[in-house]
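Participant: Start from the sequences and build out the full structure, keeping to the hints where you can.
There are 6 protein chains.
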Amino acid sequence: MQLALSTWQEVETYLGHSTGIVIPIGSTEQHGPNGLIGTDAICPSRIASGMAEKQPLLIAPTISYGMSQHHMAFAGTITLRPSTLIRVVIDIVTSLHRHGFTHFYFINGHGGNIAPVTTAFSEIYAAIEGHPSHPLCCRLANWWRNDAITTLARELYGDAEGYHATVSEVALSYFAHPEAVKQVSMQPEVAPVGEIYHAADFREKFPDGRIGSNPALATVEDGERFYQLAVDALAEDYRHFISHGAQ
Amino acid sequence: MQLALSTWQEVETYLGHSTGIVIPIGSTEQHGPNGLIGTDAICPSRIASGMAEKQPLLIAPTISYGMSQHHMAFAGTITLRPSTLIRVVIDIVTSLHRHGFTHFYFINGHGGNIAPVTTAFSEIYAAIEGHPSHPLCCRLANWWRNDAITTLARELYGDAEGYHATVSEVALSYFAHPEAVKQVSMQPEVAPVGEIYHAADFREKFPDGRIGSNPALATVEDGERFYQLAVDALAEDYRHFISHGAQ
Amino acid sequence: MQLALSTWQEVETYLGHSTGIVIPIGSTEQHGPNGLIGTDAICPSRIASGMAEKQPLLIAPTISYGMSQHHMAFAGTITLRPSTLIRVVIDIVTSLHRHGFTHFYFINGHGGNIAPVTTAFSEIYAAIEGHPSHPLCCRLANWWRNDAITTLARELYGDAEGYHATVSEVALSYFAHPEAVKQVSMQPEVAPVGEIYHAADFREKFPDGRIGSNPALATVEDGERFYQLAVDALAEDYRHFISHGAQ
Amino acid sequence: MQLALSTWQEVETYLGHSTGIVIPIGSTEQHGPNGLIGTDAICPSRIASGMAEKQPLLIAPTISYGMSQHHMAFAGTITLRPSTLIRVVIDIVTSLHRHGFTHFYFINGHGGNIAPVTTAFSEIYAAIEGHPSHPLCCRLANWWRNDAITTLARELYGDAEGYHATVSEVALSYFAHPEAVKQVSMQPEVAPVGEIYHAADFREKFPDGRIGSNPALATVEDGERFYQLAVDALAEDYRHFISHGAQ
Amino acid sequence: MQLALSTWQEVETYLGHSTGIVIPIGSTEQHGPNGLIGTDAICPSRIASGMAEKQPLLIAPTISYGMSQHHMAFAGTITLRPSTLIRVVIDIVTSLHRHGFTHFYFINGHGGNIAPVTTAFSEIYAAIEGHPSHPLCCRLANWWRNDAITTLARELYGDAEGYHATVSEVALSYFAHPEAVKQVSMQPEVAPVGEIYHAADFREKFPDGRIGSNPALATVEDGERFYQLAVDALAEDYRHFISHGAQ
Amino acid sequence: MQLALSTWQEVETYLGHSTGIVIPIGSTEQHGPNGLIGTDAICPSRIASGMAEKQPLLIAPTISYGMSQHHMAFAGTITLRPSTLIRVVIDIVTSLHRHGFTHFYFINGHGGNIAPVTTAFSEIYAAIEGHPSHPLCCRLANWWRNDAITTLARELYGDAEGYHATVSEVALSYFAHPEAVKQVSMQPEVAPVGEIYHAADFREKFPDGRIGSNPALATVEDGERFYQLAVDALAEDYRHFISHGAQ
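Chains as they are written, first to last, in our numbering: chain A, 1 to 247; chain B, 1 to 247; chain C, 1 to 247; chain D, 1 to 247; chain E, 1 to 247; chain F, 1 to 247.
Each hint can be trusted.
Derived BS3-like pairs (lysine-lysine); straight-line CA-CA distance at most 30 Å:
| id | chain 1 | residue 1 | chain 2 | residue 2 |
| --- | --- | --- | --- | --- |
| 1 | F | K182 | E | K54 |
| 2 | F | K54 | E | K182 |
| 3 | B | K205 | B | K182 |
| 4 | E | K205 | E | K182 |
| 5 | B | K54 | A | K182 |
| 6 | C | K182 | C | K205 |
| 7 | A | K54 | B | K182 |
| 8 | C | K54 | D | K182 |
| 9 | A | K182 | A | K205 |
| 10 | D | K182 | D | K205 |
| 11 | D | K54 | C | K182 |
| 12 | F | K205 | F | K182 |
Simulated from the structure, these hints should not be mistaken for laboratory data.
Facilitator: Structure, rendered in structure tokens:
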């Protein structure tokens, strides 16, 4: 059930059964020569839809802009300052909390969001402190940090899975948008690895935007496998979260 | 051309031809008994896609969350505080400006966004002051404030077009999402009108969320007519903007 | 009754009869070759005093600094950043609300203030949400957006009334400060019109600061006529506001 | 020369001779049973006008709202949060600095403004750091902290001068606004003294708002004497400031 | 009793006896050719420890970073922006207030902290307004602004005590850290005096960082005398504060 | 070399040899029944001193207050809001960067600091973007996330090492402050484990503050072993950082 396609009365009805909500969050940033700029938003959105096919749950509109400061040396990347993203998350949770939602399950597609989003959670908890009658719990589920996903990626691509513009995320985004599959030759086949500091440094070390990956291996078929694994794992984790969360 | 489905190299190529970009902005708020919570984001997104079929242009991901403070007494409404929305707009424009974009054309679906978004434009202009070598122009196009749209709405619905959850916007959202058309009976047929102050006051005056409208009249067919008119009008306005803007 | 010339006990007495207050807000910005930099603050201050002659009301000190970013290419213009002006309005309303005031009637002299001030109203309403026992209503009355005013201006000056440094506002400021009437010849007689983006762009398009007006036509006598019309219209609107506002 | 009554071209002419400007700053807060709520804004405004009669200088509109948190338990007091006042001062100085002003002379009427205003100066200096080609200096002149003033006050009133709603400031405000002189009997004649913490504590210790003073002694005639002394002292200090300041 | 060396249960026990806490606050800034960069943090920390030997009291970790904008032209100086320091103070007080502390006694070593810290106090008082059941009082004790200290300094050094990198503070820091005593020859013996504006101006007027002092006179022995006087004076002041504060 | 015990000229000399600096960062929060509230600040401070014995390096004053929101249900815990801590880190790095420092090596003692501190790094990188001539690199070294440390902890304590108030950190703090060793009996011997949400939830799940640990096992001797391992590992990491960092 997509919040965007519902009416407010339908949301009221939903709240009679569940006070949990799923919020996909991604980014708008370069993903190498054949990866989509929307990859990190596309993957969690698609996974959330898959989860909703298995159980009744409400999905908020995807937060499409994330913290992508380190990718800013590549055209098309858009970054929220971390402090802005923190406020976006606070405002969304605070609004929904007023309507009675208590369990906020963020499906995240981008490593750079982890620090600001968990920071936002701390600010949210600080704000409700002293109001024990209105509990709420927030959880950030990074879909790619999952045994099932990493095992399959290693099996399929070995070290060529990489760290940014990974084969698995490009594959999953291709599964979601087969019309946008790109054929691009890359040099070298597998991108270099290294530590990330600021944006200019990133571009110098990783000139085409990839880190350690060979996303030319990505296919729609593989993407579907990653999708299925992610849906299963996160659906399970979400059920656990809303039933056992701090109440 | 959707930014989310492009690679960074494709954006570099685009920048060789144009430095304009289209950014749909909406809200996540109640739209009465049969209107979708995502109406204000759905309409500008769909219009932007229509414009891109007529001329080459780049569309950024839709800003789905807006300033909806006055709708907060209805379940499912999510509002960014105005100060948060201001920062979101600033960060998006600033990021794209660094890559060389100069003309930022926001297609807006929600009246409540006008004040914060134009406020953001002033902050952006203040920040670039004294850097005459890096000009930029921002424009907020409110798709429904358009002679063609208002004429057709008056012709089709007379006074029942209304001011919130209008027939025209519900129709356009139904055209974009025919799978989400809702049949709901409403009492009274045409909603009351009045002035808007804070959220509790809004709910008291307008108990089902509509202001002055009878959105039961909305059809997919009418929606397509509004869509075509909006695409034509905004495509023309965009061409004018990028060719004559402050350069 | 001027708040600045009252004692706190006199305010307590006033609160026994009325919980409404009038707050003039203007700007400190160029108004063309013969317009005063304080025009936008002078007009609402003078109108407020006129209203107080007709009915008992309390007038707060004028907010003399507004959002004038787009006039910054002209010497003497002072702008608050929009975010600053928002906080000023929030703090003033919040302070008075604590003393029991509930109806805040801002008389505005400057178009550039509209977006930040209405944004501030949204922030204020957000802050009081959930405290239904402490209602408050804010209203921004733009004195020049008034049928009586625009009709007289058209009648007297036709198109030469213009959009910035208008004849009517210069005339009203001359009525308030006849000692500051300036005789300046202008070329061209009627200033050009066009769209406004950032400050450098403004100066280039409107080199002497006027938009579309010929303020050489302004006289003290005309100013008095505009003043009377504005006082009548706003006094009526204020009475309506405090008696019918969201309570 | 009042900025509010000048045109932008007149300001340009002024800048050819001087880059100094005078900015009165006060507050809107209780001043005991017979003191005006605008006392702290009225005094520096009047003193600035007196200085301008002696030498050519430009006076910006008075900042009428200050930091009056500790007076908030008395009706009519309006306080800016310190952080708001800091931003107001930063924005005013920054705007004027862009036009070429370099010496900012604030005449202050309120002790509670000292901390936030000097804090703002530090923020301003931090912002210009590394731009040695654009020097600027800010000075806060507290008119009542002056040997001539304190000597006369002691001579006239002894200990009854007090610390808040002092006889001297009430007298000076009466000189500026003789139409607003109030006759109020006070109990006790001389108010108590003590340390100031938060607003509720203030009201408890000083129930009518005065600290240590007997402002029933204030007369228009005394007010004129304080006014003359302040004008002489600050005019001298201003000349010293603009000729010897850090350039 | 150092908070850093206590357990949370020990703090609970302490709160059964006292709700006062001592918080040393200093800076990290140049103190001339032989003064330590940590002088302003070292002195209040050492004084607080001395006070704790005389009476049971709890000492929070020293705030080592202060507002040192005007010293930024000297290597090693670190400044918090005033707005940052304000938030640090607010957060520390707010946290401790939640645990039941009511009297916050800051021992300050740096004049530049006075404006931001007292500004923070106003923000704190504003936040608790309307919650009379949770009173709190904050006090800033500037250890060097004390009759006993200034009398001894004048007696020992006359005018060579100075205004920054004073002999007394260098001596007290040497007493606290005899291992860090430095022998440096200075030219001129006694540093110049003058007014302080921004950082570049400071360095130009006071090239080695001192203002008006000859800290070559500082000895460990003198430092101990200042230390004893400060401990006695502040212990007395603290006792008065916690027993008579606004409760 | 401690910055606090140096003069500004000594810092200038140091900058001739190295532009790296070490900044310990901890927290002020409960560490269970026998752990010190200052544990997280004490450990990195002591480790930094140990590193300085092996190679010349400059150590800034410890940031003693961190992000400890989730520990706020235990007396004595002090938390900076994440947004405050972010600004503290930004200001410290920015100040030192102006003096010529380029490599900022934070030694962290507290997991809760990771999100805000890395968020601050992103804000810092964003601010220097476009100034390639002034590179800087920031690194957060979490002393306890280290193979040598975790191997020894597992060997010595098995699962009783735990996750908060771990045996290893309590031991290291005891080595640094043997005068503060506490003997406290705990029930149960090994604390429970679980997920962390907000502060009230934390206290309910972990009533004495520990997570999964038995810190009664901590000894000064073990602490010294952890200390030596940490010094060796971080000294090596620091050398690598300053020689290979993004330059």
